[in-house]
Amino acid sequence: MDLDKDNKYGDYQTDYYEEKLEQPPTPPQINTNALEKFSPVNGNKLYEKFNEAFSWMPLAAIVGEKIFCVHGGISPKLASWNDISNIPRPLLEVTDNELATDLLFSDPLDYDIVHIPKNKPNFETNYLRQKSVLFNEPSVDEFCKEFNIKLIIRSHTYVPFGYRFFADRKLITIFSSSGYRDQRKNNSTDTGVSTDCTSNLSISSRGPMGSEAGLSSQILKY
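Just so we're aligned, residue 348 is where the sequence shown starts under this note's numbering, counting upward by one.
I should point out that these hints are in silico values taken from the structure, not numbers from a laboratory.
Each hint should be verified, as a subset may be incorrect.
[As the list claims (entries may be wrong)] Cut-off 27 Å, straight-line C-alpha distance, at most; resulting in silico cross-link-like pairs (DSS-like, lysine-lysine):
id, residue 1, residue 2
1, Lys-568, Lys-413
2, Lys-424, Lys-492
3, Lys-492, Lys-467
4, Lys-467, Lys-517
5, Lys-517, Lys-568
6, Lys-467, Lys-478
7, Lys-497, Lys-424
8, Lys-497, Lys-396
9, Lys-478, Lys-424
10, Lys-413, Lys-467
11, Lys-532, Lys-492
12, Lys-413, Lys-517
13, Lys-413, Lys-497
14, Lys-568, Lys-492
15, Lys-467, Lys-497
16, Lys-396, Lys-413
17, Lys-413, Lys-492
18, Lys-396, Lys-478
19, Lys-478, Lys-517
20, Lys-517, Lys-497
21, Lys-424, Lys-392
22, Lys-517, Lys-424
Based on the sequences and whatever the hints tell you, model everything.
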């Protein structure tokens, strides 16, 4: 069994779903979005089971009380951590909840694409995805100050070099699939924090298709 955008989820999840689906293990497949076609009956059953599991999964995490991890980004609807805890579960239709939609689909704006004033926090409609919001650098500054966060780690966006900083390194976008969809010669990046979750962020980047070419790493202090 394989999931979209590489096997980045770990052995535990692989074994769990294989056991639930009563399928024998298969070797990991890299950069394969679909391994096998299923009949409409089996395909729908799998689709429903995956969505059921996803509906209970966490939408964000806080590491070491200073790193905010999220798939999409921040939201104007987020006033306290309790707002995330209070999102109704199971969450079957993400777009029915504005905060959940933003946590999964919001993006830092690209000033080369759209202009949003930089001098104050601002959110604009995310016309690129037709849902959620775009947020500017002052919005990140304000969020980090109000929630006492040093760094936001998010993904959700293809970046050619595997990672991209935003808002004076208060936010980093991580893309963990190298050679994405086989036609893009992009790097991938993985991150890690120090064991006490309080000091360092490590960034390891690999070349296209996970090759050693272009392998690099750096340590950032927060």
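Verification of the supplied hints:
1. Lys-568 - Lys-413: holds, 12 Å
2. Lys-424 - Lys-492: Distance ~16 Å between Lys-424 and Lys-492 Cα, so the pair holds.
3. Lys-492 - Lys-467: holds, 14 Å
4. Lys-467 - Lys-517: holds, 16 Å
5. Lys-517 - Lys-568: holds, 12 Å
6. Lys-467 - Lys-478: With a Cα-Cα distance of about 22 Å, the restraint between Lys-467 and Lys-478 holds, given a limit of 27 Å.
7. Lys-497 - Lys-424: holds, 20 Å
8. Lys-497 - Lys-396: Measuring from Cα to Cα gives roughly 36 Å; hence the hint is violated.
9. Lys-478 - Lys-424: With a Cα-Cα distance of about 14 Å, the restraint between Lys-478 and Lys-424 holds, given a limit of 27 Å.
10. Lys-413 - Lys-467: holds, 23 Å
11. Lys-532 - Lys-492: violated, 37 Å
12. Lys-413 - Lys-517: holds, 11 Å
13. Lys-413 - Lys-497: holds, 5 Å
14. Lys-568 - Lys-492: holds, 18 Å
15. Lys-467 - Lys-497: With Cα atoms ~19 Å apart, Lys-467 and Lys-497 stay inside 27 Å; holds.
16. Lys-396 - Lys-413: Given that 27 Å is the threshold and the Cα spacing comes to 34 Å, the pair is violated.
17. Lys-413 - Lys-492: holds, 11 Å
18. Lys-396 - Lys-478: Measuring from Cα to Cα gives roughly 25 Å; hence the hint holds.
19. Lys-478 - Lys-517: holds, 24 Å
20. Lys-517 - Lys-497: holds, 6 Å
21. Lys-424 - Lys-392: Given that 27 Å is the threshold and the Cα spacing comes to 34 Å, the pair is violated.
22. Lys-517 - Lys-424: holds, 20 Å
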